[in-house]
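Participant: Those sequence lines, one after another, are chains A and B.
First residue of the first sequence? That's 5 in our numbering, and the numbers climb one at a time after it.
First residue of the second sequence? That's 5 in our numbering, and the numbers climb one at a time after it.
Hints are not guaranteed to be accurate.
Restraint ranges, calculated between C-beta atoms of paired labels, are given here [said to hold, decoys possible]:
| # | chain 1 | residue 1 | chain 2 | residue 2 | range |
| --- | --- | --- | --- | --- | --- |
| 1 | A | 151 | B | 173 | 50 to 58 Å |
| 2 | B | 169 | A | 44 | 22 to 30 Å |
| 3 | B | 176 | A | 38 | 47 to 55 Å |
| 4 | A | 154 | B | 175 | 40 to 48 Å |
| 5 | A | 150 | B | 125 | 49 to 57 Å |
These aren't lab readings, by the way, just hints derived from the structure by calculation.
C-beta atoms are modelled at their ideal positions from N, C-alpha and C, and glycine is treated no differently.
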Amino acid sequence: MNRKESTIFFVAIFIFMAAPPSLYCAPLPNINIHFLSRINMVKANQRFKLAVKFDIPKPWYIYAQNSGDVGVATQIKLSLPDGFTQEQIKWSPFQKIRKAGGLNAHVYQHYAIILFTLLAPTTLSADILKFKVGARWLACTENQCIPMKKQLSLRFPRQHVSRIQEQTLFKKWGNIMLPQH
Amino acid sequence: MHIWIILLFSFFSFSAIAVPPNGIAPNFTLTDTNDQEVNLTDFRGKFVVLEWFNPDCPFIKRHYKTQTMTQLAAHYKRQDVIWLAINSTHYMKPEDNRRWKDINNVPYQILSDSDGRVGLLYQAKTTPHMFIISPTGKPVYSGAIDDDPWGEQKTPINYVSTVLEALIHNKKIPYTTKKPYGCSVKYTPK
């Protein structure tokens, strides 16, 4: 590096360091979303559960259905095959955080789970049943927010979460979420 | 004794609501991008729209990209409606507002409130968070700009426009508040 190049380099470093936080290139949140099932296939008139799970790394959080004073509620839209009905939807408990200015935020940190209870129709006409979920959420840290979205699908009976995967995932948090009968 | 109880009650019920629904909107003096002082009472006799704003917020970026605010402000300027944007972001300076105003051809004043004093006075929660003040100085609407937080509706209902139309045509306003959405106002951390 000659003298001119090194001057340019140090000036560039200085400009970068002096820039306000808003001009830094912030890393995008690595929030993973999973669409999960604990069944391999769907039978007629069967009651079963599907779940959506968000993995939310620190320092990010997403908003609950009731987002509190600020933010935007996480939106989950489930599309079902003909004849299927959604009987229940349960959201895992959210955390309350207090932001500067005394603003209350209802958020999910680390993870969020949304559990759907579905009922199959008395007759199943299609061989392959496709369940789709569309999710929109606002990922935030203390200083920034990024609106995000994702669509996922599950097909039965040919494509499904493997039994092993299901057991490890559901054993961890499924019992907490499942309604007690 | 009774009078003291009533006065005490009135004080606490007033202080619990920063912008009293039947009272007068709190006055403020802030500086704009030209370092000119702007006082809310300067606009008495006109409808005033206050827009809480932060150029770093993606909801603000979207609304300025689609010109939601600038088009509404231009439209209602013909009806003598005053539009003011207020930036209560603790880390922003008047230069940031000036840059935003220039880049986005913002036709109205952007006021700097980096200490968050006015934002807290109005209990501004999000960016955007909209307030409409009547010509007599009464707050008549507080809340979201529209019913489309994700910006995906073909024909969103613009609450500010709906309320202004009702007010201008002397009709009953359909709502006085709607839950605001967006980024939290970035007040100075304690």
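Participant: Confirm or reject each hint.
Facilitator: Here is what the structure says about each hint:
| no. | hint | in the structure |
| --- | --- | --- |
| 1 | A:151 <-> B:173: 50 to 58 Å | violated (35 Å) |
| 2 | B:169 <-> A:44: 22 to 30 Å | violated (56 Å) |
| 3 | B:176 <-> A:38: 47 to 55 Å | holds (48 Å) |
| 4 | A:154 <-> B:175: 40 to 48 Å | holds (42 Å) |
| 5 | A:150 <-> B:125: 49 to 57 Å | violated (30 Å) |
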